[in-house]
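Number of protein chains: 2
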Amino acid sequence: LAGDSERLQEKEMTDSTNNPVHDTTLINRIGRYTCEEYFARVKAFHGSIAPGVIIGGIMVDMAMARIPEKILFNAICETSSCLPDSVQLITPCTIGNGWLTVFNLGRFAVSLYDKYGGTGIRVYLDSNKLENWDEIQAWFLKLKAKNEQDTNRLIEQILIAGRSIYSLDSIQVKSQYLTRKPKKSIGICVACGEAYPIKDCDICKGCQGETPYETRNLSLCISTHSHMSVEDGSLPK
Amino acid sequence: LAGDSERLQEKEMTDSTNNPVHDTTLINRIGRYTCEEYFARVKAFHGSIAPGVIIGGIMVDMAMARIPEKILFNAICETSSCLPDSVQLITPCTIGNGWLTVFNLGRFAVSLYDKYGGTGIRVYLDSNKLENWDEIQAWFLKLKAKNEQDTNRLIEQILIAGRSIYSLDSIQVKSQYLTRKPKKSIGICVACGEAYPIKDCDICKGCQGETPYETRNLSLCISTHSHMSVEDGSLPK
Numbered sequence: 019l020a021g022d023s024e025r026l027q028e029k030e031m032t033d034s035t036n037n038p039v040h041d042t043t044l045i046n047r048i049g050r051y052t053c054e055e056y057f058a059r060v061k062a063f064h065g066s067i068a069p070g071v072i073i074g075g076i077m078v079d080m081a082m083a084r085i086p087e088k089i090l091f092n093a094i095c096e097t098s099s100c101l102p103d104s105v106q107l108i109t110p111c112t113i114g115n116g117w118l119t120v121f122n123l124g125r126f127a128v129s130l131y132d133k134y135g136g137t138g139i140r141v142y143l144d145s146n147k148l149e150n151w152d153e154i155q156a157w158f159l160k161l162k163a164k165n166e167q168d169t170n171r172l173i174e175q176i177l178i179a180g181r182s183i184y185s186l187d188s189i190q191v192k193s194q195y196l197t198r199k200p201k202k203s204i205g206i207c208v209a210c211g212e213a214y215p216i217k218d219c220d221i222c223k224g225c226q227g228e229t230p231y232e233t234r235n236l237s238l239c240i241s242t243h244s245h246m247s248v249e250d251g252s253l254p255k
Numbered sequence: 019l020a021g022d023s024e025r026l027q028e029k030e031m032t033d034s035t036n037n038p039v040h041d042t043t044l045i046n047r048i049g050r051y052t053c054e055e056y057f058a059r060v061k062a063f064h065g066s067i068a069p070g071v072i073i074g075g076i077m078v079d080m081a082m083a084r085i086p087e088k089i090l091f092n093a094i095c096e097t098s099s100c101l102p103d104s105v106q107l108i109t110p111c112t113i114g115n116g117w118l119t120v121f122n123l124g125r126f127a128v129s130l131y132d133k134y135g136g137t138g139i140r141v142y143l144d145s146n147k148l149e150n151w152d153e154i155q156a157w158f159l160k161l162k163a164k165n166e167q168d169t170n171r172l173i174e175q176i177l178i179a180g181r182s183i184y185s186l187d188s189i190q191v192k193s194q195y196l197t198r199k200p201k202k203s204i205g206i207c208v209a210c211g212e213a214y215p216i217k218d219c220d221i222c223k224g225c226q227g228e229t230p231y232e233t234r235n236l237s238l239c240i241s242t243h244s245h246m247s248v249e250d251g252s253l254p255k
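Protein chains in written order, with this note's numbering: chain A, 19 to 255; chain B, 19 to 255.
Certain hints may be false.
Which copy? The list can't say, so a pair holds if one copy fits it or any two copies do.
[Stated by the list, open to error] Here are the simulated EDC-like pairs of lysine to aspartate or glutamate, each with C-alpha atoms no more than 16 Å apart in a straight line:
id, residue 1, residue 2
1, Lys61, Asp41
2, Lys133, Asp220
3, Lys192, Asp132
4, Lys164, Asp152
5, Lys192, Asp168
6, Lys147, Glu54
7, Lys133, Glu232
8, Lys192, Glu87
9, Lys201, Glu149
10, Lys61, Glu87
11, Lys88, Asp132
12, Lys192, Glu232
13, Lys162, Glu54
14, Lys133, Glu87
15, Lys192, Glu228
16, Lys202, Asp220
FYI, nobody ran anything at the bench for these hints, they're computed from the structure.
Construct the entire structure; sequences and hints are all you get.
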């Protein structure tokens, strides 16, 4: 019975979001959680109850309500800020399992799409719909310094604004992001001695100069092989 | 008391990893979890008990044991496969909070480093140390098709191999990845009408052609603003 009433509640939520432009129903659930539960999960995973992860949760929820049940969906975030954590908290998609990809376009938008066909839904926080929500607007457009921000009021506005501040697109993901590439063969990089996908070149991408390290020293253990890499620009990365 | 014995256990673990090359102590804890607890968390978050997330957990654990207590550390993964989920499961670092960054170099390596100074520890699965562990070697170097893989035996080998199959480097992260860039000003893209960091250009990166979408139609709601973007290559992205 509990399960049924929960399913009913979810159905109601789905129905009420058919025209999100005018839907200012108070947000009281995010994903399968009450707001309180979701906030606790955000705190535990993300480290703080960041407005972006709350907004992201509502956006992901709106996208989920619009994709057919029982399809396998993947997710795209158009920013690495906050939004990926919303996806990871309320969908099965994570960075490490490959069902979530971040394209750093700097837009606060998330898409869920059929992983085979590529059709899906994109949801974004719409700056054109924020005129009545000064605290959200100030946060989103960075009009205030962070220490001037009234976080309680901001979160209150996010919940009260409901689904009225978002817009939706239907999308078709490019085919190059849909087809799983054939498993790459693994080779051993002649420069650093580590395993890497050989399609990248004779040497791995790290040794090609894409390393984030200034220096790297094998000072911490006796290695059983002979490489002596130091990432100083002249030796292997 | 329970707390004390747990702390003691962690200290023992730290001590026993001082020379990981010869440390074949059975893995019985990963992060602050027993293996059983960690496996359950991996299943819930990642979707399956993937060998890469188990190995990743041991690697992150080894790195954590070697960074000074009470420093704020960030994480780098050199692959997007599996490893980022290990970091997100046992450290406070996530993609969305910005403390975890993925550099897709194709190497199975993770680094934890002092977020201000950039000094840290890099741990990688060392292909030169796998001669006694045929199932791990076959998995890592992709010598077997996935359906020929004996996953139980693989996970057993991972736990029995202990910390003997990894190598460690000390690293210094490049300064450009340490300094927080000043907050970018937000503008509205003249092409798609969405908010974006204006340093990117007059139009957002999506409209510059980096969009992952073939098509994008505002077919799902009445927008309050006038743009009619279609991602077909000629109109805004």
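Up to 16 Å CA-CA - Asp220 versus Lys133, copy category: neither (32 Å within a copy, 32 Å between copies)
Homo-oligomer pair classification [Asp220, Lys202; C-alpha up to 16 Å]: The answer is within: 14 Å in one copy meets 16 Å, while 38 Å across copies does not.
Within, between, both or neither, where Lys192 and Asp168 count as close if Cα-Cα is 16 Å or less: neither (40 Å within a copy, 35 Å between copies)
Homomeric proximity label, Lys133 with Glu87: Cα distance no greater than 16 Å: within (13 Å within a copy, 42 Å between copies)
Identical-chain pair category, Lys133 with Glu232, by Cα at 16 Å: between (38 Å within a copy, 14 Å between copies)
Intra/inter-copy verdict for Lys61 and Asp41 if alpha-carbon distance must be at most 16 Å: Neither way: Lys61 and Asp41 sit 27 Å apart in one copy and 36 Å across, limit 16 Å.
Alpha-carbon proximity between Lys162 and Glu54, which holds within one copy, between copies, both or neither at 16 Å: Answer is neither; intra-copy 27 Å and inter-copy 46 Å both fail.
Copy assignment of Lys192 with Glu232, given that the CA separation must stay at most 16 Å: between (36 Å within a copy, 5 Å between copies)
Copy assignment of Lys88 with Asp132, given that the CA separation must stay at most 16 Å: within (10 Å within a copy, 43 Å between copies)
Copy assignment of Lys147 with Glu54, given that the CA separation must stay at most 16 Å: Answer is neither; intra-copy 26 Å and inter-copy 48 Å both fail.
Within, between, both or neither, where Lys192 and Glu87 count as close if Cα-Cα is 16 Å or less: neither (22 Å within a copy, 46 Å between copies)
Within, between, both or neither: Lys61, Glu87 at alpha-carbon 16 Å: neither (29 Å within a copy, 22 Å between copies)
Checked against the numbered hints given earlier, the structure breaks hints 1, 2, 5, 6, 8, 9, 10, 13 and satisfies all the rest.
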